[in-house]
Amino acid sequence: MPSWDEFQPFIVTGLALGGVYALSGVGLVVLYRATGVLNLAFGAVGAMGALIAWELINNAGWDDYPAYLMCILFGGVVTLAYGLLFGPPLANRDPLVKATASLGLALILLGTMSWIWSDKARSMVLPTSNENFMVSDVLVNYTQVIGFAFGVVVTFATAAFLRYTGLGTAMRALANDREITATLGVPVRRVEAAAWLGSGLLAGVAGLLLSNLVGLDATTLTFLVISSLAAALIARLQSLVVTLVAGIVVGLVNALITPILSISEYRDMTPFVLAIVALLWLSRHREISISRSA
Amino acid sequence: MIEVSDLRVRFGGVTPIDGMTVTFPAGTCGLIGPNGAGKTTFFNVLSGFVKPAGGSVTAFGEDLLRMADFRRARWGLRRTFQTEQAIEKLSLYDNVALVHEHSGQGRATRDEDVLGALGFVGLEQDPNTKVGTLGARDRRLVEVARAVVGKPRVVLLDEPAAGLPDEETQHMGSVIRRIPEHMGALVILVDHDMSLVSACCEVTAVLDFGKLIASGPTEEVLRDEQVMRAYLGTEEAA
Amino acid sequence: MSVATEPRPRSPLSPGRVSSGDARRAVVIVALLAFVLFAIPTLLSVFWLKVLTGAAIYSIVALGLGILMGRVGLVSLGQIAVLALGAWVAAKLFFDTGLPFPIVLLLSGLITMVLGTFVGLPALRLGGLYLALITLMMAGAITVVIAATDFPNGGPGFLAHVESSIGGGDQVRRPAIAETDPAYFRYTVIVTALMFLVALWHVRSKAGRAWEAIRQSEPAALAAGVNMTLYKLWAFALASFLTGVAGALLAANVGDLFNYQFPTSQNITLLAVVLMGGIYSLWGAVIAGLLFRYLPELLDSWNLPADLLTILFGIGVLQVLLTAPAGIVEQFPKDMARLGRAIGRLVGIGRSR
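Protein chains in written order, with the numbering used here: chain G, 22 to 315; chain Z, 112 to 349; chain H, 1007 to 1359.
Chain G with its partners taken away, still in its complex shape:
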């Protein structure tokens, strides 16, 4: 069993990753509540944004920060475009159908990424990754701080947004009952578009951070969405704060298993196992309701 010292660096990576899982989870949950779409292409969108940023920096001579901005914007634009095109025709379908459709988007993005960039190893280093400081005996870099901090900030900012702003209240109304909200004169399509855009921007941010914390590889980044999904599912696709806590737990457990050599090979199972346990536990009284209307 490794010592406390050996665990320490993994606590840091775990918290950082957990924060990003949380902010992705929030993006997934808010979009789901507002539109009924569980966007399984969330990771793919972020991955492609990160690759675009890499391309701009390394092959087009752009400066770092404008390229990062493009990554985030790409996330927002692609997600919004998908939402505008495929949201309305699928609006009345079952959540399962909507989620399956998002897999179509994921495939398109995966294929495009593989075609343009193939599987070569790449890396993109955010400037904040080069600046670090010591906390007790552990080296912490600023990207990790951002990862964790963004997770917390985004969760509470989004919760406040949903509660206190007009647009946020409209989104909550939509989540509750789409038909009634429409009859109340709320511009449903515009509110949904806002949800798509916001969620997409978060996807871009997550892609950027993960490309640093984990690595710039299309497939890996795409399927990291599963960890965020695990957090969102543990929160029953409802509570943002639970999403935050769950995301951090997923990140931490995953990281902390790394130094335990006997089971280290299996650590990638963490988000899966946690999600399965959570789903089965929550379903024991057949209480789970995935329909958006109450």
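Hints in this document: simulated from the structure, not taken from any laboratory.
Where a beta carbon is used, it is the ideal one built from N, C-alpha and C, also for glycine.
Hints may contain errors.
Unchecked claim - Cross-link-like lysine to any residue pairs, in silico, SDA-like; alpha carbons within 20 Å at most:
#1 Z:K322 with Z:G147
#2 Z:K162 with Z:G147
#3 Z:K200 with H:Y1286
#4 Z:K241 with H:H1208
#5 H:K1212 with Z:T240
#6 H:K1212 with Z:G215
#7 Z:K162 with Z:F320
#8 Z:K162 with Z:K322
#9 G:K141 with G:L77
#10 Z:K262 with H:N1233
#11 Z:K322 with Z:V338
#12 Z:K200 with H:H1208
#13 H:K1056 with H:N1265
#14 G:K141 with H:L1310
#15 H:K1212 with Z:R185
#16 G:K141 with H:A1312
#17 G:K141 with G:T241
#18 Z:K162 with H:P1225
#19 Z:K200 with H:T1329
#20 G:K141 with H:N1265
#21 Z:K322 with Z:R119
#22 G:K141 with H:D1313
#23 Z:K162 with H:L1132
#24 Z:K241 with H:D1028
#25 Z:K200 with H:E1224
#26 H:K1212 with Z:V242
#27 Z:K162 with H:R1131
#28 Z:K162 with Z:I113
#29 Z:K241 with H:R1210
#30 Z:K262 with Z:A219
#31 Z:K162 with H:M1234
#32 Z:K162 with H:E1224
#33 H:K1212 with Z:R218
#34 H:K1212 with Z:E199
#35 Z:K200 with H:V1209
To be verified - Derived DEER-like restraints, expressed as beta-carbon distance ranges:
#36 Z:M178 with G:I201: 34 to 44 Å
#37 G:D140 with Z:G123: 46 to 56 Å
#38 G:F154 with Z:V125: 54 to 64 Å
#39 H:V1120 with Z:R182: 20 to 30 Å
#40 H:T1329 with G:D140: 27 to 37 Å
Position chains Z and H against the provided structure of chain G, taking the given hints into account.
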């Protein structure tokens, strides 16, 4: 005989059934009431889709609420739905056979029972026709055929003639009237069409806001002042 | 029970007998099979025969998923992981026992079926989306475990794995009568045809009727007395059995599973090709198998990137879901059904009789 005692159903802040106590004696019994009175909810309790908060339902001496939902069909509970639910991709024969084979009847009598049920409701087409190709009248008749095949004990009909023109409604009425005698089942008919109800049902119960407000011979119930007020509101009936 | 005065409908064909339409279809299929079994091995090189063997294998997997989706309305995002599991079980049986090939096929199917049902059981109470997500999670977990333990290749112990850098260890054996690639191709095609027969028999039986009721309307199925959990489980069991058999065929086709990949993304690609091939007809599975395994190699041989296919599949998913009638992969959405009935009533009343 079906005895309902102090049945209560609550969900989502609403109380669709609020202390319902009534007895359905035999033959064809009507169940009427304004929209939202709780009639379909009552059927859903009987079917097992909704768990009541309290009360009991005893059918032919057996505690119906104790049985698992899908087992009630085997016991002999059948129903049709307000928005008709015939299975489109299956043929007429298969739709009815579906109920037959899950109700504990043997394979040997299946052909005879299924064809008998289809004939009983007056469906004359090739039984291999896919239900999805049929019109509303035939689909509703298939649902009724499903409800009467085998050995039904209780048949719940939820607005079986909704949306059908007069001629079809009359045909439906003549089919319904013959069910207790030929199938030996107790029928509860929910409908808004009073002429259908009075043509088929000897006795009728009236629900309003989840409670029973009248029951007895159909003619008397339909003339009852309380019933008219429930349907028309508190204004004087014209 | 019959009422003498009512006109009797004509007696339908009893389910056991075959209609004239069926007989015609059977003749076509037999002719096609004969062509595939006897003509194709002479026309294609060994490489392409191996590819088509793979296509047949994946069509069995697609068959399982197609039944789940098209007949019962359940989505599994983990069938490739089940395939890997089947291959693992088969490899272990091949190396640890001397059982004849067909027995190993059957056992792989049965063991995978038990495992698949075991996985499915607690998940079946959940609704469609959550079930799909659980299958995705389980697939991920299985993939990690298999990646860590590798495939059996003649080594010792339970895991039966011998470490080596280039995949040493033994090859999975093939049936004595079908050791060459062309012979194995024929063998696989025959097994595939048998699996399709198994599926067809199910669909035409009591289970098929119950599945169709569940797919269209769970309340109606319940009211008809269908034990939903049992029949959903049955569908899962059938899909797992088929995929397990496919896994065994795969293990023997590849021989050495060392470098064979079962990446998570393939679960999604499989879903795409099954949707595109069509989930209502069993033929759709054949198309799916060809899309999945044959088309990428074809593109590769023309020096086109296989990634184009991934993009195409993504577009295919969207197209199918957008244009499919309500009823594909659906649970029972109340608004859709009411709309459908309203339209049906209009159409019904408008029709002359």
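Hints, verified against the model:
no. : hint                            : in the structure
1   : Z:K322 with Z:G147              : 11 Å, holds
2   : Z:K162 with Z:G147              : 18 Å, holds
3   : Z:K200 with H:Y1286             : 10 Å, holds
4   : Z:K241 with H:H1208             : 19 Å, holds
5   : H:K1212 with Z:T240             : 18 Å, holds
6   : H:K1212 with Z:G215             : 13 Å, holds
7   : Z:K162 with Z:F320              : 18 Å, holds
8   : Z:K162 with Z:K322              : 17 Å, holds
9   : G:K141 with G:L77               : 17 Å, holds
10  : Z:K262 with H:N1233             : 19 Å, holds
11  : Z:K322 with Z:V338              : 12 Å, holds
12  : Z:K200 with H:H1208             : 16 Å, holds
13  : H:K1056 with H:N1265            : 16 Å, holds
14  : G:K141 with H:L1310             : 18 Å, holds
15  : H:K1212 with Z:R185             : 16 Å, holds
16  : G:K141 with H:A1312             : 16 Å, holds
17  : G:K141 with G:T241              : 13 Å, holds
18  : Z:K162 with H:P1225             : 14 Å, holds
19  : Z:K200 with H:T1329             : 18 Å, holds
20  : G:K141 with H:N1265             : 19 Å, holds
21  : Z:K322 with Z:R119              : 9 Å, holds
22  : G:K141 with H:D1313             : 15 Å, holds
23  : Z:K162 with H:L1132             : 18 Å, holds
24  : Z:K241 with H:D1028             : 16 Å, holds
25  : Z:K200 with H:E1224             : 15 Å, holds
26  : H:K1212 with Z:V242             : 17 Å, holds
27  : Z:K162 with H:R1131             : 17 Å, holds
28  : Z:K162 with Z:I113              : 18 Å, holds
29  : Z:K241 with H:R1210             : 14 Å, holds
30  : Z:K262 with Z:A219              : 14 Å, holds
31  : Z:K162 with H:M1234             : 18 Å, holds
32  : Z:K162 with H:E1224             : 17 Å, holds
33  : H:K1212 with Z:R218             : 11 Å, holds
34  : H:K1212 with Z:E199             : 16 Å, holds
35  : Z:K200 with H:V1209             : 12 Å, holds
36  : Z:M178 with G:I201: 34 to 44 Å  : 36 Å, holds
37  : G:D140 with Z:G123: 46 to 56 Å  : 51 Å, holds
38  : G:F154 with Z:V125: 54 to 64 Å  : 58 Å, holds
39  : H:V1120 with Z:R182: 20 to 30 Å : 26 Å, holds
40  : H:T1329 with G:D140: 27 to 37 Å : 34 Å, holds
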